[in-house]
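S.K.: Chain residues, written in single-letter form:
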Amino acid sequence: MHDAADDALLAAMAAGDSEAAVAFVRRFQARVFGVAHAVLGDRDRADDVAQEAFVRAWRHGDSFDARRGSVISWLLAITRNLAIDHLRAQRVRPTEPLDSVLAQVASCDLDPASAAALDDDRRRVVAALRAVPYEQRRAVLLAGLGGRTALEIGEIEGIPLGTAKTRIRTGLRRVRDAMDEHPVDR
Amino acid sequence: VTASACDTVRAKAADLALDIVDGEERATLLAHLSTCPGCRDDVRGLGTVIDRLLLVVPPDEPPRGFEERVLARLADQPRPLARRRSRWVLAGLGAAAALLVIALVGASLMRPGRETRQATMVSAKGEVVGEVTLTAHPAGILIAVPGWTPAENKPYDVRLQLRSGSQVELGTLQLEAGYGGYGLGGVEPDQVARVELLGRSGEPICGADL
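So the protein sequences, as listed, match chains A and B. Take any residue in the first sequence, note its place counting from 1, add 1, and you have its number in our numbering. Numbering follows our numbering, with no gaps: position 23 of the second sequence is 7.
Keep in mind the hints are simulated off the structure, nothing from the lab. On a predicted model such as this, the values are computed, not experimentally measured, just so you know. One or more hints might be untrue.
Covered stretches of chain B, as calculated for chain A (at least 3 residues, CB under 8 angstroms) [what the hints assert, rightly or not]: (1) 8 to 21; (2) 46 to 58; (3) 147 to 156.
A few chain B residues facing chain A, derived, Cβ under 10 angstroms [said to hold, decoys possible]: (4) -4; (5) 61; (6) 165.
The C-beta atom is built at its ideal place from N, Cα and C for all residues, glycine as well.
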């Protein structure tokens, strides 16, 4: 069970296999918690949101469609969305953990441990980000990872609202173009 | 669908994919997406890019006991309703509601591969109060809570929870004799995980897991 493919493990968990549920949580908990913590900036809240992400995955795992993406992308998107909803409900805007992640990713200067841990898919995403101007890369990451609005990004970066919108929109399309050149495996 | 309409939507496609546009503007954009496959694909493609950005976030070990807490929560969850597909029962429905069900479900079944899903509607107190039917074509939901006094002949806000974890407020649904139908706008039917009716202060009064 612990060697099963991600989608097979998800399907087994969704079908009620408790051993699969244990293996699924162990396999992905650090990735899920990492996203929750980066967005929320608080380990207690990240713990709650990460737990909820696994509950959602268990509840909706039987509808996962591998043609649309990988299990890890699906699971991390659930986590990010839950974390952003939590932030919006609480009206809090932590920046420190997200800034740390942004600094690493936006500069494409990952620490040795993080760089060594990158698999091929993640390397391709970093390569796509590297193809985009730094300011646009930061705007895309602030919006895409952290759920920041254009208005908030304008305040964080000290730029007019229109400039923030342009950076987000242009940057996201450039990242997509770069990903198309170096497609990420599903 | 006109080229200028597509230009307008595509200029804001990133905002939509990032879920940072709301209100009337969001409704206008979603209405366009519901009729324009090209713009829908554009937004979906940008959404996929955003999801992939998450892959570069470094792993972070959760606090001690996290695994046990998750597994305890899973053990406490009721079995998802979607796996207990209930059979829609027309008997007992009002004539108008029955016709609406037939129209929605019939239209869906006549298109091969299109899905109709049903789930039991459960109140905040845990009572089974009716059912929800979701159809792909036409993309809509039919809520049937006949005989449940709190919802009869009243308008209620409808909220969708999507499989992505996001929420979408559909608007106000007027129930008549406990029945009502609503289009999904730009929301893809297979992304709907839960349908809820909200009370005056925004709290869910009943919901169904699809």
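S.K.: With reference to the structure, classify each hint as holding or not holding.
M.R.: Each hint, compared with the structure:
no., hint, in the structure
1, 8 to 21, "violated (count 0)"
2, 46 to 58, "holds (count 9)"
3, 147 to 156, "holds (count 5)"
4, -4, "holds (8 angstroms)"
5, 61, "holds (6 angstroms)"
6, 165, "violated (23 angstroms)"
Against the hints set out earlier in the document, violations occur for numbers 1 and 6.
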